[in-house]
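Heads up: the protein sequence lines correspond to chains A and B, in order. Counting from 1, position 237 in the first sequence corresponds to residue 465 in the working numbering; the numbering is continuous, with no gaps. Counting from 1, position 57 in the second sequence corresponds to residue 354 in the working numbering; the numbering is continuous, with no gaps.
Honestly, the hints are just simulated from the structure, not real lab data. Virtual Cβ for every residue (Gly too), placed ideally from N, Cα, C. Among the clues, some could well be false.
What follows is a list of derived Cβ distance ranges for each label pair [as the list claims (entries may be wrong)]: (1) 419/A with 526/B: 24 to 34 Å; (2) 533/B with 281/A: 43 to 53 Å; (3) 414/B with 467/A: 55 to 65 Å; (4) 430/B with 493/A: 31 to 41 Å; (5) 419/A with 421/B: 45 to 55 Å; (6) 320/A with 526/B: 23 to 33 Å; (7) 484/A with 540/B: 43 to 53 Å; (8) 526/B with 445/A: 24 to 34 Å; (9) 414/B with 268/A: 44 to 54 Å; (10) 277/A with 320/B: 12 to 22 Å.
So the chains spell out like this:
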Amino acid sequence: MNFLAPVVAQASAQTLARLHVRSFVMTAEPKSLHVGDTLRLRIVTHVDENVGQLDNVTLPDLSGFDSLGDERACSSSGHGTECTEILALSPTETGDRTIAPTTLDAIDARNGKPSHFATNPVTIHVIGAAPQPNGVTRALIDDLLKPIAILILVGAAAYALLWGFGRRPRPKPALPRPVPQVVAPPAPVDPLPPLIAALAAERTRPRVLAVRDEIRRRVGAREDETLGDLLRRRAAGDDRALVDVLRAVERASFVDDDRLPGAIDEALAALSNWKRA
Amino acid sequence: MIAAEQKPQTLLDALETTIVGQRVTLEALLYALIAGGHVLLEGPPGLAKTLACRALASAVGGSFKRIQFTPDLLPSDIVGTRVFDQRSGEFTTVLGPIFAHIVLADEVNRAPAKVQSALLEGMQEHQVTIGPQTFPLPDPFVVTATMNPLDSEGTYALPLAQMDRFLVKVLVDYPSTEEEGRILERFGGEQPAMPRDVVTVADVIAWRHAARAVHVEPRLKRYVVDLVAATRAKHDYVDRGASPRATLALAALARARALVDGRDFAVPDDVRAVAPAVLRHRLAFNYRTLTDKIDPESIVASVIGAVPTP
């Protein structure tokens with residue numbers, strides 16, 4: 229599915245799709261890395277229409293990065309279509325590198341005019357190998373540090389020699405050879421139950437936030453998504469008990485301190501219902 | 298939570314009996330009324346911008362004045378003037394149309410900067426000076442200004458510093474075909490009935506007090522600051538980002554939205570929902586936005602979307 233196909237030339241208005249573009253965002257993770265490491269450049273487009281793919285999308289110049297592959301997906305629901313492209317990139321040069329916006333040409337459904345939509349640019353900080361000493365530092369090492377280092381090495385060798393003559397090491401008893409054991413791979417541990425138990429034991433905001441983060445991770449919430457975004461995106465498939473959990477945990481995460489104990493009680497009750505369901 | 302007789306949702310419901318669709322516009326008007334700010338409505342003619350403002354004033358039961366901005370308008374036509382009384386031999390002050398709870402500045406970009414300044418000074422200071430005397434404006438005082446983006450001939454663009462005085466800028470969109478059918482069915486050529494005195498000015502003042510007490514968690518405040526800071530980061534199409542006034546506006550509107558939703562605490566959705574309306578008129582887009590034909594709305598959306606939610 230080629231929904232982010234780059235265009236070679238400016239598409240004419242007749243070939244452009246008529247779209248109501250709600251959001252068009254580019255993010256990178258991590259934003260700071262070493263040469264040779266891998267970063268994921270994610271381009272997410274949300275349109276009101278149900279479309280199978282997005283044409284006339286132009287990716288930015290990615291010179292300075294090696295492309296390691298990409299993933300593409302479009303999903304439609306009652307709230308339109310969300311298309312995501314994730315590029316795996318590896319920087320080849322050090323320094324701050326700004327990736328220019330990705331662009332999308334379409335007829336803007338709000339005014340019927342051919343429009344040029346653009347994401348935000350993304351700046352990546354690429355760190356190289358440790359810096360080499362400059363000329364002045366090298367001269368300092370040659371003039372001062374080298375003689376000192378030689379003296380220290382000579383002294384250490386003499387001390388080791390004397391210490392070695394004075395104390396003859398006893399032969400070590402032979403240790404029994406360890407019997408190789410077959411260790412089963414650890415069973416996947418669900419991190420949520422311990423977090424809920426910790427919340428029940430210690431009803432504090434950090435415990436609530438830990439539960440919230442885990443549930444958001446479990447339901448596939450992106451870091452730029454609010455609860456409202458998440459519920460709209462997952463509206464078709466979500467069960468009532470999970471929606472109640474998400475709402476109760478959100479309330480406990482942002483309510484004021486006086487109402488926090490009551491909100492945590494509600495969150496724990498919702499979590500219990502969800503577990504039963 | 299609210300000591301007022303009526304809840305904000307009542308006002309919203311009443312406005313929807315007159316205005317079909319335009320939910321975003323009506324919500325923005327209500328949030329700005331609660332947050333104590335002014336609203337800029339931009340959209341083509343015939344989209345009920347003026348009607349929405351009139352309906353709001355009628356429903357609140359406060360005083361309402363409409364000023365049609367034209368190239369020959371004078372500052373004194375807005376704030377008022379001093380008139381010499383020949384019988385008493387003294388000057389008397391005649392107050393202008395700005396002295397109302399809700400003032401509609403229709404086509405605000407059709408008057409020159411001097412006239413716009415007279416209005417915007419009152420918006421910021423909540424008082425007006427005429428000759429040697431200073432007069433406080435009524436409380437609540439909300440200016441709703443309209444602009445038509447299609448017909449730019451003979452207009453005076455509002456400078457960024459003046460745009461900043463508006464708490465929100467709402468882009469009024471065409472109704473859906475289903476909504477347009479309901480418009481035809483509901484009005485059919487007759488003047489739409491206005492909701493009258495649904496709430497009182499005292500209710501609005503009580504909502505304002507309640508909104509100020511809405512709790513905003515420190516993590517959410519951090520998100521507000523990060524959103525505004527993101528507008529100031531180096532960007533190909535933005536020369537200047539939003540001011541700290543935008544930070545205050547975001548927090549105030551998030552509180553207002555939480556109150557209308559019946560909550561006494563704000564959540565990330567409140568901030569995210571009002572962010573485009575708070576930020577879109579506070580960014581200075583550069584010439585490349587025009588030459589590359591980039592939609593400014595997509596830039597605002599991408600800046601907001603790039604900030605992780607708390």
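Broken hints, by number: 2, 4 and 7
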